[in-house]
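> Chain residues, written in single-letter form:
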Amino acid sequence: MKVLLRIERFDPSSDQKPYFQEYRLEAEPMDRVLDLLINVKRFQDGSIAFRKSCAHGVCGSDAMRINGIERLACKTLVQDVVKKTGDRITLQPLRGLPVERDLMVRQERFFEKYRLVKPYLINEEAVREKERIQSPEQRHRIDDATKCILCEACYSACPVLQEKNPGFLGPAAIVQASRFLDDSRDRGFEIRLQTLDTPDGVWPCENHFKCTQVCPRGIKVTKLINLTKQKIKKFRKERSETVNDGS
Amino acid sequence: MNHTYEAVIVGAGGAGLYAALEASKTARTAVISKLYPMRSHTGAAQGGIGAALGNVEEDRPEWHAFDTIKGGDYLVDQTAAETLAEQAVQAVYDLENRGLPFNRTPDGKIDQRRFGGHTRNFGEAPVRRSCYAADRTGHMILQTLYQQCIKNEVAFFDEFHLLDILLEGNRCAGIVALELSSGELHTFHAKAVLLATGGFGRMFRVTSNAYANTGDGPAVAARRGIPLQDMEFFQFHPTGIKGMGILITEGVRGEGGILRNSAGKRFMEEYTPTLLDLAPRDMVARAMVTEIREGRGILGTRSVDDYLHLDATHLGKALIETKLPDIAEFCRTYLGIDPAEKPIPVQPTAHYAMGGIPTDIHGRVIADTRGNVYAGLYAAGECACVSVHGANRLGTNSLVDLVVFGRIAGTHMSEYIKGSDTVQVPKDADAGTAARIEALFPAKGKTVTHGELHGGKIREEMEELMMEKVGIYRKENEMREAVGALRGLRERFAMVRVQDRRKAYNTDLLEILELGNLLDLAYVTAFCALNRTESRGAHSREDYPDRDDEHWLKHTLAWLEGDKITIDYRSVDITRWKPKPRTY
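Protein chains in written order, with the numbering used here: chain A, 1066 to 1312; chain B, 307 to 890.
Careful: at least some of the hints might be erroneous.
In silico EDC-like pairs for lysine to aspartate or glutamate, Cα to Cα no more than 20 Å straight-line [stated by the list, open to error]:
(1) Lys623/B to Asp1209/A
(2) Lys763/B to Asp1110/A
(3) Lys1195/A to Glu364/B
(4) Lys763/B to Asp1100/A
(5) Lys763/B to Glu1091/A
(6) Lys457/B to Asp1251/A
(7) Lys1149/A to Glu1091/A
(8) Lys750/B to Asp1110/A
(9) Lys1067/A to Glu1093/A
(10) Lys809/B to Asp1080/A
(11) Lys331/B to Glu1189/A
(12) Lys1195/A to Asp413/B
(13) Lys1195/A to Glu392/B
(14) Lys1294/A to Asp1265/A
(15) Lys752/B to Asp1110/A
(16) Lys623/B to Glu1202/A
(17) Lys457/B to Asp1110/A
In short, the hints are calculated from the structure, not lab data.
Looking at chain B on its own, in the form it has when it is part of the complex (with noise of 0.2 Å):
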């Protein structure tokens, strides 16, 4: 089936929402979203949205473009950090104005408490930045947003799974999916694509990532050449749920809580001794490592299931249940224990891509070295690398990330297809799409049996390899053992077969393709990881332990092609601060 639009956005999250809400104004505009309505992974989004508003102490947007860049250890594009922290503020009114519940301040205004590396002055203590909801603010963002979707009556694609960017030479032409009801193609015709599937952490084994999170837009648009970059950048949060890899929100230590080993001491005091539990999150779950490894994690193993306290039990019920009460229902339904009375047993646990599809400060999708765009392509939120995280992404900045540089590409999209006619495309564009669909499908009259040559083995073997090989801390043999490791399943891959035949609501396909997805991403993650031989923010390499400026200050563009990938550099935007070393 066939639709045209003139933009057409991927992804219901976030950045996809803001963007449709800026582009329908004056766009013909279609969301296209692999789930439901407000099902989207912001809404997991737990501690709060940084903004400089200055409601509770002094703050500066200025303060929050160093911090940020600071935090990304200096991967950081410095003029879109600043764009970043300057239209954070007007960000966080709007969403206001538009009915977010944010908490109060005694006078009524927006609260705003601490968050981990977001500082007072240039890193002199620790500032209350972040503006909250309870510890559901990307469920509210997520709410408000598709709340003003629904009065902007912006029309929604529910249940439609990415499959294809139509590209004519550099220009866009629209995006293929897949109906989940029905199995069947559609193709979008369109002038303008916004990217915004979100992240892909379902490629390690503990995350705090939704199902959802397979990279939908990224692994698409690597197999349509389009390079990826910085992806060797992946955040470990210090504080998911032993085990599971639920999120307990940096808000926690925001609020005063602590992190202790088994002796019961605040450790992060050897570590970061200026802002203590408070250091970026990459620090952090250094520290935890470095703990569990030299005995001093609460089993005392040594082990990779050994795990630490977050002890929140000196903040008090009262505080708990206003301003924490999601982090404490979870506390009682998986590990049954009220954090008010015990410790919370946590070990980090992957979280976030700093990495993904390269964009310019607009939204545009960059092609090249030279920083040459797609026309009419473009990408925000987690799948996109603007990049304003560099090496390491602050908490609260996600949720900037996406409103700020959704609403840019947004708009920008919205101007750009004003001036702009329709591209023709072949009318079999969705041939190829339709051929590897497919072939996932097996001959009439063989049937397929769980075993070897279903997804779910390789799947696990993937999560189980990224997690421990290209995981917190990474060495040279490792990561070569990892690549080669993702190769094989990658052609193993290539024999997987649907075992659900019927093509309505078959989400055994769903998986496979997604699964796919993952792995593409995975082995482009691995290899640059690999190919970086110095530490800067998320990227710990043991044999090489330090930041290399000289060599390594540049962003790494990777192109994916068959199981070959290519790496080149870009240089990182710096005006104002020069890279200083990164002390807390």
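Chain A extracted, bound-state conformation (with noise of 0.2 Å):
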């Protein structure tokens, strides 16, 4: 089938402000947004900036806005977005992160929120074992939030950080910090507080749940969000202090 494939441009050393261009191309039904793409890279205009790499969904370096919702271009086929031919699929940049040209966005303060929550497991205990145990069960738990690529579709997608709040912390942190909280191995929850227990750490998430509904690996975001929350509550609780939210 023919598709139309609108394309948002921008180089900031240039242009006043984005513009959209328009490829026409053959599809399969079948193709990947990412076989489009790239397709029109290499066959009619080697301008088009975007990334790419794996193109099976587990790398994270094409998340993009598609007809307006974030996801991977490599795990989003034309018949996913496409009725009939002759039908148009507009290509946007993430929100929220400033764009370097086309669809590529600075991923810099994406990255700093990561690192901000200490993404690494802490425990300074002497290993007794070879390995350390844990069980299956305690496995299990901290298994949707190992499955994180750190695309950005949910901090593009999040109205708290697109509409109020730049600064909160954003869901991929927070799934990220709940990866190691969650983590029977882990020592380190007191010490992640310091980012987490913040007015811009998890309390600014009004459960929009627009983070889990783009997630492109099925983590139930704001259920993980949520959880940490609940775990600071009960941690302050028990100290009889309050949770630090700015209110």
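Build the complex from these two chains, which are given one at a time in their own frames, with help from the hints.
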């Protein structure tokens, strides 16, 4: 079928504001949207800028807004976004991160927030056995959070980050924190509170569920944020302290 | 721009990150990567990392070493294979201690499952050796190692593309890289450099490899006069998703999945009666091509687009969702099927380069047939050839290779740096590279339109050639054609110019540079394949169907100079296990 690829173009060094450019091409219903982008780049216009790598939804390079919704271009099939021949597919960069060129956004801020939660196992105890023992049930508890590929789809879709508080830690960083908080081998809960239990930490989340809806890995992001909030509340309550949500 | 570090590591996959963790303990270390953190292709590895922990049944490192050597059709260097198998055990415990979330046994130990070619007691029966984290083991390794690099404050240069290695005689003095965000060249002076740039499966049309797998390290090395070893050995993984090449882990068969032909028959019974579907990949891939050629593919057309079925329907939904969840999702996304209900349509997909930059057991790059090394230049992981995979790699051994030899190289670099001085290089060390980049931009006022002069067409032709003429089965006349055609493509490539004239974020330029690397490596691969007149491991010649130890039990070394390739050989390190016929 014929499709129209409508791409938001922007080069901050020369363009006043973003504009759309359209490309027509043949596509199969089972083609990935990434296949179309590559086809256009290789055979129509080499100047289109976007990121890509694994092409099957595990590396997180090609998150973008496809017809307004955050998705991975390599995990979105033409038939998912097009009904009939001649239909348009609109591609735009993620929100909340500065555009570098076209569909590429600057990711420093996102990774800074990721690093803030100390996303590594904190445990200075000597290992007595060869491996630290962990039951299948304990291991299962962190399974969902370990799937995160840091693609930034949730960050872009979060209404709090985009409309109210750009300083909010954001869903991905909290998922990464929860991956360690819920790990039976980790001892870093109180250290991470310095980031999580702050007015820009976990508390700005308002349960819009946009992160959960767009997550290409199917992680229950909002649920993990709420479980993290509960964990912090319980900890403070046991010590007769109040949470530091800025109120 | 100039930078000075003691150690520079090119590539941020498993090998590069592990080396960085070791080197950075004592040396000022920078990691250069053309991707953002945690986008590297190590993250796509699925099924597991092999180590003889013996957590669920008896196992021994020497069995693992033997399986690796036999799996590699005896082209494996045996001291290296023993190192791999012995150090795998501690490497897995180290990863676990650093937080890697392995699946667990009921008593809380690391769980293990079966994988192709891994056996108990020198080939008796399959053994449970693969330590796994669902079907995303590589993702977890990449995450864990990067997390540790954050903890240890390793310096990262993200989206820097390797363009050149600086050599003064046989000493390495640093590298030149292109910064994507500015388009500027950066020279990194270093006492020691590690190349860990990964594979180059993108030279084939159907591949499991990421777009980033363009062999930048080996290609740059080859153009600097460094030999490449055993390039004729390229692994096709039996189970790629039909048409797309997306990997379906061998773990599906490890958990009990079965390959079936159009009659529903478990055809591996005819080829490898002991290990059945868990025979090494080269054998399974050949069996699949044979089934298709003899009309027993699902379509029965005997053509290249025919396929077979990977049947996991008897494993049950619960097992698939807990042990193979990503596979289930790939099937839903790209095929619209549930593997618990319907068989998965699969065909072999270009997967792994056994060959690459030759190194000794410490990761030092080898310069000649006598085994002399470059001082301060290292390689590890898929871009290197140490050689633990020989003519055919076993499943799970790529992850073992990364962590074991990444760590060894990092440690050795750090020792080497302590006793060495900075090598002085000329001020204009990047002049040649700058001129090469400049030449890719068309003269002012001249427009480049998409057509013959753009890389897209050349890339397509290269992928087709390699797939059809230098694929699973090979013969003289086809490979001769491929070598000639690749020479032609390289000539046409010299005319290619960028269409995008801007400097910042010029991904057009990047793709052209990557295509140049792939063309050079495809040319060497085809040439070496034509040169080796025997069948061994993944290199299957229809005109020379037998292994020929008398003439060919040796590593190929290939030097590329312009369009001339010079071939020579190194002996294989054979210690405990003399070559035997390879049956399973």
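> For every hint, state whether the structure bears it out.
Hint by hint, here is what the structure shows:
no., hint, in the structure
1, Lys623/B to Asp1209/A, "holds, 18 Å"
2, Lys763/B to Asp1110/A, "holds, 13 Å"
3, Lys1195/A to Glu364/B, "holds, 16 Å"
4, Lys763/B to Asp1100/A, "holds, 15 Å"
5, Lys763/B to Glu1091/A, "holds, 17 Å"
6, Lys457/B to Asp1251/A, "holds, 14 Å"
7, Lys1149/A to Glu1091/A, "holds, 12 Å"
8, Lys750/B to Asp1110/A, "holds, 19 Å"
9, Lys1067/A to Glu1093/A, "holds, 9 Å"
10, Lys809/B to Asp1080/A, "holds, 15 Å"
11, Lys331/B to Glu1189/A, "holds, 18 Å"
12, Lys1195/A to Asp413/B, "holds, 14 Å"
13, Lys1195/A to Glu392/B, "holds, 15 Å"
14, Lys1294/A to Asp1265/A, "holds, 13 Å"
15, Lys752/B to Asp1110/A, "holds, 16 Å"
16, Lys623/B to Glu1202/A, "holds, 19 Å"
17, Lys457/B to Asp1110/A, "violated, 42 Å"
Hint check: a violation occurs at hint 17 only; the rest are consistent with the structure.
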